[in-house]
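S.K.: Sequence:
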Amino acid sequence: MAAGKNAGGSSTADNYIFEYYGEIMAGRVRVGKNIKKIYKILTDGIKSGVYIYKDKKAKKAIRFIENFCHHSEGRSDLLKLELWQKAIVSAIFGIIDPATGYRQFREVFLLVARKNGKTLFAAAIMAYMAYIDGEYGAKLYCLAPKLDQADLCFDAFYQIVQSEEELDRITKKRRSDIYIKEFNTTIKKIAFNSKKSDGFNPHFVLNDEMEAWNGDQGLKQYEVMTSAIGSRRQPVILSTSTAGYINDGVFDELIRRSSAFLKGHSEEKRLLPFLYTVDDPELWDTREELEKSNPNLDISVSWEFYKEQIAIARASLPKKAEFLTKYCNIKQNSAVAWLEFADVEKAVGKDEHGDPVRLSLEDFRGCYCVGGIDLSRTTDLTAACIIIERDGINYIFCNFYMPAERYKIAINEENRPYNIFVEKGFLHLSGEHVVDYKDVHKWFLDLVKVYKILPLKVGYDRYMADYLIQEMREDGFHMDDVYQGTNLTPVLHNFEGDLKDGRYNIGDNALLQSHLLNVAVDINLNDSRMKPVKIEKREHIDGAAAVFDALAVKMKYHDEVGKQLKNEHKPA
1 MAAGKNAGGS
11 STADNYIFEY
21 YGEIMAGRVR
31 VGKNIKKIYK
41 ILTDGIKSGV
51 YIYKDKKAKK
61 AIRFIENFCH
71 HSEGRSDLLK
81 LELWQKAIVS
91 AIFGIIDPAT
101 GYRQFREVFL
111 LVARKNGKTL
121 FAAAIMAYMA
131 YIDGEYGAKL
141 YCLAPKLDQA
151 DLCFDAFYQI
161 VQSEEELDRI
171 TKKRRSDIYI
181 KEFNTTIKKI
191 AFNSKKSDGF
201 NPHFVLNDEM
211 EAWNGDQGLK
221 QYEVMTSAIG
231 SRRQPVILST
241 STAGYINDGV
251 FDELIRRSSA
261 FLKGHSEEKR
271 LLPFLYTVDD
281 PELWDTREEL
291 EKSNPNLDIS
301 VSWEFYKEQI
311 AIARASLPKK
321 AEFLTKYCNI
331 KQNSAVAWLE
341 FADVEKAVGK
351 DEHGDPVRLS
361 LEDFRGCYCV
371 GGIDLSRTTD
381 LTAACIIIER
391 DGINYIFCNF
401 YMPAERYKIA
411 INEENRPYNI
421 FVEKGFLHLS
431 GEHVVDYKDV
441 HKWFLDLVKV
451 YKILPLKVGY
461 DRYMADYLIQ
471 EMREDGFHMD
481 DVYQGTNLTP
491 VLHNFEGDLK
501 DGRYNIGDNA
511 LLQSHLLNVA
521 VDINLNDSRM
531 KPVKIEKREH
541 IDGAAAVFDA
551 LAVKMKYHDE
561 VGKQLKNEHK
571 PA
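Per this note's numbering, the very first residue in the sequence shown carries number 1; after that it's consecutive.
It should be emphasised that the hints constitute simulated quantities derived from the structure, not laboratory data.
Heads up, some of the hints might be wrong.
Computed list of lysine-lysine pairs in BS3-like fashion (alpha-carbon distance at most 27 Å, straight line) [unchecked claim]:
| hint | residue 1 | residue 2 |
| --- | --- | --- |
| 1 | Lys37 | Lys408 |
| 2 | Lys438 | Lys452 |
| 3 | Lys424 | Lys307 |
| 4 | Lys350 | Lys40 |
| 5 | Lys537 | Lys566 |
| 6 | Lys33 | Lys331 |
| 7 | Lys269 | Lys220 |
| 8 | Lys56 | Lys269 |
| 9 | Lys80 | Lys59 |
| 10 | Lys37 | Lys54 |
| 11 | Lys33 | Lys424 |
| 12 | Lys57 | Lys188 |
| 13 | Lys59 | Lys146 |
| 14 | Lys40 | Lys307 |
| 15 | Lys537 | Lys408 |
| 16 | Lys408 | Lys452 |
| 17 | Lys320 | Lys350 |
| 18 | Lys37 | Lys269 |
| 19 | Lys57 | Lys47 |
| 20 | Lys319 | Lys537 |
| 21 | Lys350 | Lys331 |
| 22 | Lys33 | Lys263 |
| 23 | Lys173 | Lys320 |
| 24 | Lys173 | Lys188 |
| 25 | Lys115 | Lys80 |
The following label-pair restraints were derived from C-beta to C-beta distances [said to hold, decoys possible]:
| hint | residue 1 | residue 2 | range |
| --- | --- | --- | --- |
| 26 | Ala342 | Ser302 | 45 to 53 Å |
| 27 | Met555 | Val450 | 39 to 47 Å |
| 28 | Asp351 | Arg416 | 24 to 32 Å |
| 29 | Phe305 | Gly502 | 28 to 36 Å |
| 30 | Leu152 | Glu82 | 18 to 26 Å |
Virtual Cβ for every residue (Gly too), placed ideally from N, Cα, C.
Let's have the full structure, built from the sequences with the hints guiding it.
M.R.: So, in structure tokens, the structure goes:
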């Protein structure tokens, strides 16, 4: 074999795969270990003859994309591929299987951070497959769990068509698909569980945002498509994604397969993974590391944008988890630890010697407040709290209630000093086998009758004990049910920020402190909204839930009672 040529006779000198790998190895382009591995595999394979490289085929695809595919958001000029994108296109369309003469790779997995132009890039590849690839009667699909998700890449494709007169002239948009009569080609968006799932015969499938494909359903749909391409000569399934939160889904399966292939532990020949991830999560906030997951940094996404996002992420664990997931491509669990220990510790009231100090209701006689009740299960732990704001500080009083029989078991089973919490007055034994909610009711009555502390609004979860809520309403308390879901997102954000700013005081209530530290947040992948959950199944967060109930009604009725709740004219 002549120097500078592969077994198929194409020169390696004028080859974007080799050019990109050369820039990487020279240190002029910074990528992670997984990208280095795939380009070493490709360049070694081309040089050794494992693969045949046809530069003409690669350049044909690149020329089409740069001469016919337009931007469609914020600008309308032609797409100019970056070197990393040219290398990917070259690998997909230029690397040939010596045994068949057709394309080597059928499954392409592109993992790249948000805002790196992956949807437009994928739509441009789809356009080439539809108009130039030469497959008569081709069927192309944009696939996602829901039609509105599939519509994102479908619309990006159609925007490309509409922006180029030559393409638009031979293309017809129909009710359910796009049709190219000259090639008898259809492009369609589909969602999971299609009624015709057995009738697919795809030439190209674009699977967008794979991280959002739920478990077994996503795996089955992916399998439907991979098994349906067998009758095509050189089909392509292109899956694009950032990292996500869903466990045991098709994303995890593709990562597992990709990792095995990159490490040389797999016999796979048709999978082509491009995994743009950071190598060291500890350096998540450095430009050097972020360049590895963001090949379009300072092109489609600016470093200034990242500096702003980093500042936000440094101040919030949920935001940091989201940043690691979407911009570093480090997969996270959906439930992530929420509050920093130091921030919760800051809320513990202490004297001049640094010793915890008990809050006294007597010191807040005559104040207005909001209340919260987490009813939980009658056989376990129930929490009730009030929050009194004065001089910009929110003081939290929280009582806990547990049945006597449960207490006997829990003190050993849960390895918690419940006996000490009883001695200190934070935990009250209530009822024998179930919590007697009259004890909760009595505490609120005593607040009013003994201390003249008036709860203007009381939030409660809607789990059970309707009779308690009815009795409290009959005694004049304004009760408001709080759904403990993602609607609490603004409450959680405000609480976290105020906690960091030292605007909470829980006294020496170590039981409430532990409940706050047991809270994790479950982050919705699509909108970043979050809800409180237990960090571990057996842990308690009842006290924290009662606090969130109180804060929810405080936020909801701010315009009505916010001024009174400041207690500005109450003596300190």
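S.K.: Confirm or reject each hint.
M.R.: Okay, the hints, checked on the actual structure:
1. Lys37 - Lys408: Distance of about 58 Å is beyond 27 Å: violated.
2. Lys438 - Lys452: Distance of about 20 Å is within 27 Å: holds.
3. Lys424 - Lys307: violated (47 Å)
4. Lys350 - Lys40: Outside the cut-off at roughly 60 Å; violated.
5. Lys537 - Lys566: violated (37 Å)
6. Lys33 - Lys331: Holds - the C-alpha atoms of Lys331 and Lys33 are around 16 Å apart, at most 27 Å.
7. Lys269 - Lys220: With Cα atoms ~22 Å apart, Lys269 and Lys220 stay inside 27 Å; holds.
8. Lys56 - Lys269: holds (22 Å)
9. Lys80 - Lys59: holds (13 Å)
10. Lys37 - Lys54: Status holds; Cα separation ~21 Å.
11. Lys33 - Lys424: Distance ~55 Å between Lys33 and Lys424 Cα, so the pair is violated.
12. Lys57 - Lys188: This hinted pair holds, its Cα atoms lying about 26 Å apart.
13. Lys59 - Lys146: violated (35 Å)
14. Lys40 - Lys307: Cα-Cα ~32 Å, so violated.
15. Lys537 - Lys408: With a Cα-Cα distance of about 21 Å, the restraint between Lys537 and Lys408 holds, given a limit of 27 Å.
16. Lys408 - Lys452: violated (35 Å)
17. Lys320 - Lys350: violated (30 Å)
18. Lys37 - Lys269: At roughly 15 Å apart (the allowed maximum being 27 Å), Lys269 and Lys37 satisfy the hint.
19. Lys57 - Lys47: Answer holds: Lys57 to Lys47 is near 18 Å, not above 27 Å.
20. Lys319 - Lys537: holds (23 Å)
21. Lys350 - Lys331: Not OK: Lys350 and Lys331 at ~39 Å, beyond 27 Å, violated.
22. Lys33 - Lys263: holds (11 Å)
23. Lys173 - Lys320: violated (42 Å)
24. Lys173 - Lys188: holds (10 Å)
25. Lys115 - Lys80: holds (16 Å)
26. Ala342 - Ser302: 45 to 53 Å: Cβ of Ala342 to Cβ of Ser302: about 32 Å, so the range 45 to 53 Å is violated.
27. Met555 - Val450: 39 to 47 Å: Hint violated: Cβ distance 28 Å, outside 39 to 47 Å.
28. Asp351 - Arg416: 24 to 32 Å: holds (26 Å)
29. Phe305 - Gly502: 28 to 36 Å: Holds: the Cβ-Cβ distance is about 30 Å, inside 28 to 36 Å.
30. Leu152 - Glu82: 18 to 26 Å: This hint holds: roughly 22 Å between Cβ atoms.
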